[in-house]
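Produce the entire structure from the sequences given, and follow the hints as far as they go.
Here's the letter readout for the chains.
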Amino acid sequence: MRRFVILWVLLLCQMTAWAHKASDSYLVIDVKGNAVTAQWDIALRDIDFALGLDRDGNAEITWGELRARQSDLSAWALSRLAITRSGGCPLQMTSLQVDEHTDGGYAVLHLVGVCPGATGPLSLQYRLLFDLDSLHRGLLRLTLDGTTHTTVISPASDLLQLGAAQKSRWAQFKQYLNEGVWHIWIGFDHILFLLSLLLPAVLVLKMRRWQGVNSFGLAFREVLRVVTSFTVAHSITLSLAALGLVSLPSRLVESAIALSVVLAAANNLWPGVEHRRWLVAFGFGLIHGFGFASVLAELGLPADALALSLLGFNAGVEVGQLAIVAGFLPVAFLLRNTRLYLRWVFVLGSWLTMLLALIWLLERALDLKLMTA
Amino acid sequence: MLVFFGVLLSLPAQPVPRTPVDDAAVIEKLPFRAGDSSARELEALRVSARKAPGNATTAAALALAYFDMAQARGDPRYIGYADAVVRQFDQSMSVDLLVIRGMLHQYRHDFDEALVDFAAALAQDPDRASAHAWRGAIYLVQAKYDNARQECAALLKLSRTVLHGGCIGLVQAYTGQLSSAYTTLQQALALARYDDQRLWLLTRLGEVSAWLGYNARAERHYRDALALGRDDGYLLAAWADFLLDNERPIEVVKLLAAWEASDPLLLRLAEAESTLQLPSAGAHVQALDDRFAAAKLRGDTTHRAEEARFQLRLRKNAALAVQLAAANYKVQKEPRDLRVLLEAALAARDPDAAKPAREWLQSTGFEGGQIRKLAAQTLQLPPVAITPR
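From first to last, the protein sequence lines stand for chains A and B.
Each residue of the first sequence is one higher than the one before, counting from 1 in the numbering used here.
Each residue of the second sequence is one higher than the one before, counting from 1 in the numbering used here.
No lab work stands behind these hints, which were simulated from the structure alone.
A portion of the hints provided could be inaccurate.
[What the hints assert, rightly or not] The list that follows gives simulated cross-link-like pairs (lysine to aspartate or glutamate, DMTMM-like), each with its CA atoms no further than 20 Å apart: (1) B/373 to B/245; (2) B/51 to B/41; (3) B/29 to A/318; (4) B/29 to A/131; (5) B/316 to B/334; (6) B/330 to B/113; (7) B/333 to B/146; (8) B/144 to B/113; (9) B/373 to B/334; (10) B/157 to B/113; (11) B/29 to A/363; (12) B/144 to B/110; (13) B/316 to B/241; (14) A/174 to A/54; (15) B/330 to B/146; (16) B/333 to B/110; (17) B/254 to B/231; (18) B/29 to A/54; (19) B/29 to A/60; (20) B/330 to B/350; (21) B/296 to A/100; (22) B/144 to B/334; (23) B/296 to A/103; (24) B/157 to B/146; (25) B/29 to A/103; (26) B/373 to B/247; (27) B/316 to B/231; (28) B/29 to A/100; (29) B/51 to A/131; (30) B/333 to B/113.
[To be verified] Not the full set, but computed from the structure, chain B residues with beta-carbon under 8 Å of chain A: (31) 25; (32) 30; (33) 77; (34) 83; (35) 87; (36) 143; (37) 145; (38) 290.
Heads up, the beta-carbon is just placed ideally off N, CA and C, and yes, glycines get one too.
Shown next, in the form of structure tokens:
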């Protein structure tokens, strides 16, 4: 009889209902062709509820207690996740880590797998914890050949079907265009190289002293030459590499890119090449193209729209580049005769660029980690 | 160029999963030890449910224990566990399981589905008091007072006098008879034999007294309830709200210091801290932000009333607060839901948003002085687009 009163009281205690959080797992999957990589964050409390982790019963889960059950954990979790692409893609756990979310500690499972097919639709079935906790949800972010889908998986919808190549040609082109823009913007080494070549474009060396050029037209033509030759050069190598016709070891490419930035910045401080900067831009542009190609390789090129995606990515790189130039040139031209530009931006900027690129060069050539950025 | 370097060097390191170096490193704390009495009780129920699969009685006992655990600890994981147990019987629901499934639905604010389950339970067993009680409570939240009165009457017919008193007392309180409500609840209190009944009735008496404007009396009821020495989230929240309304934030900080895990109580703690401009306020506001974001990610909308109050009072985002409060009011229509809607509408200078709340006051005649004042203020907002009816 008492029970009923308790119930009655409790309904009106609604507000305490969500004090903690209901159970979620965070699953991030990347499928490129037939290769699957994934990170799966599962709450330790949930693992404990399903498998019992707290061996010594002290209400604390230690790293050792989790590690001791690593194979059970992997068997349990992987039996509740199935990915298929022209057949099942068997998954395995490569490493185990931990992390924190808003409601406590999580085990982080790193997974890899290989599918029988590299194209076509993909399906995913998720049943983790649904037999024990029907409020559990799988928060999924799945990237299929470069296109990201996010969804919340529940017992009522535990099967996800994704059709590949459903996107229109235009959407595909746009996606790669955006990727191109994005990758030049976050590719600091490419930007620094370009800026190092552009900084002196509004200047002219007279009697071993830098001064501003007389007309905007002069500066504009110089920028045009540099940017065009950089573009032509990296488009050539990007295409060759993306189509698999030429390939260079990435450590060599990355080191050469860093070296190109060092040299371009040094050339501003101790002018060697002054009138043929476009040639420098072209020569090193060839190297930078290989760098873009590695980004593109990470994204994956859809087999059915190879040329279009390549064109889109290339165009994106150009658009991103032009945006930088359009921002740079007017300001630089206006400031070209000021002390701020000549002394600080040009000289100090070139010094800093050179130093940073030197660090990159050392890091990349010797495989060191000197900076966190 | 220099700016560019600044950006480059200040890039934050991405948060990444880590690999602890020490096997003894504690990576999670569980709610209780395996040897604790509540853990042992739960384990015993789990074992008997496992031994007798298909037995609705043992399953119902386990599901109910999970439900109680969810309520006591404010931890919705147990609701999921209970639901998973009940789900195994989808094809052959006993009366007990129907009532429990209804309780689980109402917990998630699926009130319509909950009512279906309670109706099914009562069809099999018309004397099931718990189904009447839950139904009455849902009707109260939905502002369907005539329906609620019928459920209260059913409880009286079953001689559940304390339950009936609580039920009808609330109907009176919400429908413009605060003084009668006070008397009814006090009579129920006199009959109540158990501490949990007393705690609930004292809490509601505290609220009714505060609505009547009798602050000293309200405080006495709250203190009597607290003196029972039981942890109760609703009581703590109501008492904290009373203290905040009476500009006594220091007491709230003391009261709720150990209740950060409960989001509604953390909300009140953060409000008190920010009033006092304590340094801990920032971290608590951030924690609430993170928890609301996490709930949103999974599509959880059961806490919009709290989120509206959070946006209104702590984030000062009146526009978002109005949206949340209005969405909440479509589902829940109790005085606290009304109040946050009115306050948000006032802050957003949006008299239209407060219209449903004014209509509720008009039709019920609810006598809470503070809420009536807020409603009147929303009418003074320029531009005055609405005329009082």
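The hints, checked one at a time:
Distance restraint check for residue 373 of chain B and residue 245 of chain B: the Cα-Cα separation of roughly 14 Å lies within the 20 Å cut-off, and the hinted pair is therefore satisfied. About 15 Å separates the Cα atoms of residue 51 of chain B and residue 41 of chain B, which keeps this hinted pair within 20 Å; it holds. For the hint linking residue 29 of chain B to residue 318 of chain A, the alpha-carbon distance of about 52 Å lies beyond 20 Å, and the restraint is violated. Our distance criterion of 20 Å between C-alpha atoms is broken by residue 29 of chain B and residue 131 of chain A, whose separation comes to about 24 Å.
With a CA separation close to 23 Å, the supplied pair residue 316 of chain B and residue 334 of chain B exceeds the 20 Å bound. Pair hint residue 330 of chain B plus residue 113 of chain B holds up; C-alpha atoms about 16 Å apart against a cutoff of 20 Å. A threshold of 20 Å between alpha carbons decides the hint, and for residue 333 of chain B with residue 146 of chain B the separation of about 15 Å falls inside it, so the pair holds. Taking the CA atoms of residue 144 of chain B and residue 113 of chain B, the gap is near 16 Å; set against the 20 Å cutoff, the hint holds.
This hinted pair checks out: residue 373 of chain B and residue 334 of chain B have alpha carbons roughly 17 Å apart, not beyond 20 Å. Taking the CA atoms of residue 157 of chain B and residue 113 of chain B, the gap is near 26 Å; set against the 20 Å cutoff, the hint is violated. With a C-alpha separation of about 41 Å, the suggested pairing of residue 29 of chain B with residue 363 of chain A is violated against the 20 Å cut-off. With a C-alpha separation of about 16 Å, the suggested pairing of residue 144 of chain B with residue 110 of chain B holds against the 20 Å cut-off.
About 19 Å separates the Cα atoms of residue 316 of chain B and residue 241 of chain B, which keeps this hinted pair within 20 Å; it holds. For the suggested pair residue 174 of chain A and residue 54 of chain A, the alpha carbons sit about 51 Å apart, so the restraint of at most 20 Å is broken. Restraint check for residue 330 of chain B and residue 146 of chain B: the C-alpha separation of about 19 Å stays at or below 20 Å, so the hint holds. Proximity of residue 333 of chain B to residue 110 of chain B is assessed by CA-CA distance (about 15 Å); at most 20 Å being required, the pair is judged to hold.
Pair hint residue 254 of chain B plus residue 231 of chain B holds up; C-alpha atoms about 15 Å apart against a cutoff of 20 Å. Between residue 29 of chain B and residue 54 of chain A, the direct Cα distance comes to roughly 10 Å. Compliance with the 20 Å bound is thereby established for this hinted pair. Of the supplied pair hints, the one linking residue 29 of chain B and residue 60 of chain A holds, its CA atoms being roughly 5 Å apart against a limit of 20 Å. Between residue 330 of chain B and residue 350 of chain B, the direct Cα distance comes to roughly 17 Å. Compliance with the 20 Å bound is thereby established for this hinted pair.
The straight-line distance between the Cα atoms of residue 296 of chain B and residue 100 of chain A is roughly 18 Å, inside the 20 Å bound, and the hint therefore holds. With a C-alpha separation of about 11 Å, the suggested pairing of residue 144 of chain B with residue 334 of chain B holds against the 20 Å cut-off. With a C-alpha separation of about 14 Å, the suggested pair residue 296 of chain B and residue 103 of chain A falls inside the 20 Å cut-off, and the hint holds. For the given pair, residue 157 of chain B sits about 17 Å from residue 146 of chain B by alpha-carbon distance, which is consistent with the 20 Å threshold.
A hinted pair counts as satisfied when its Cα atoms are at most 20 Å apart, and residue 29 of chain B with residue 103 of chain A qualifies at roughly 11 Å. For the suggested pair residue 373 of chain B and residue 247 of chain B, the alpha carbons sit about 18 Å apart, so the restraint of at most 20 Å is met. About 31 Å separates the Cα atoms of residue 316 of chain B and residue 231 of chain B, which puts this hinted pair outside 20 Å; it is violated. For the hint linking residue 29 of chain B to residue 100 of chain A, the alpha-carbon distance of about 12 Å falls within 20 Å, and the restraint holds.
The straight-line distance between the Cα atoms of residue 51 of chain B and residue 131 of chain A is roughly 17 Å, inside the 20 Å bound, and the hint therefore holds. Between residue 333 of chain B and residue 113 of chain B, the direct Cα distance comes to roughly 18 Å. Compliance with the 20 Å bound is thereby established for this hinted pair. Of the supplied interface hints, the one on residue 25 of chain B holds, with its beta-carbon coming within about 5 Å of a beta-carbon of chain A, less than 8 Å. Because the beta carbon of residue 30 of chain B sits about 4 Å from the nearest beta carbon in chain A, less than 8 Å, this interface hint is met.
Here the hint on residue 77 of chain B is kept, as its CB sits about 5 Å from the closest CB of chain A, short of 8 Å. Interface restraint check: residue 83 of chain B against chain A, minimum CB-CB distance 4 Å, threshold 8 Å, status holds. A distance limit of 8 Å between C-beta atoms decides the matter here; for residue 87 of chain B the minimum to chain A is near 6 Å, and the interface restraint holds. The beta carbon of residue 143 of chain B comes no nearer than 15 Å to any beta carbon in chain A, farther than 8 Å, and the hint placing it at the interface is violated.
Evaluation of the residue 145 of chain B hint against chain A yields a violated restraint, the C-beta minimum of about 16 Å exceeding 8 Å. Hint on residue 290 of chain B holds. Least Cβ distance to chain A is approximately 5 Å, under the 8 Å limit.
Against the hints set out earlier in the document, violations occur for numbers 3, 4, 5, 10, 11, 14, 27, 36, 37.
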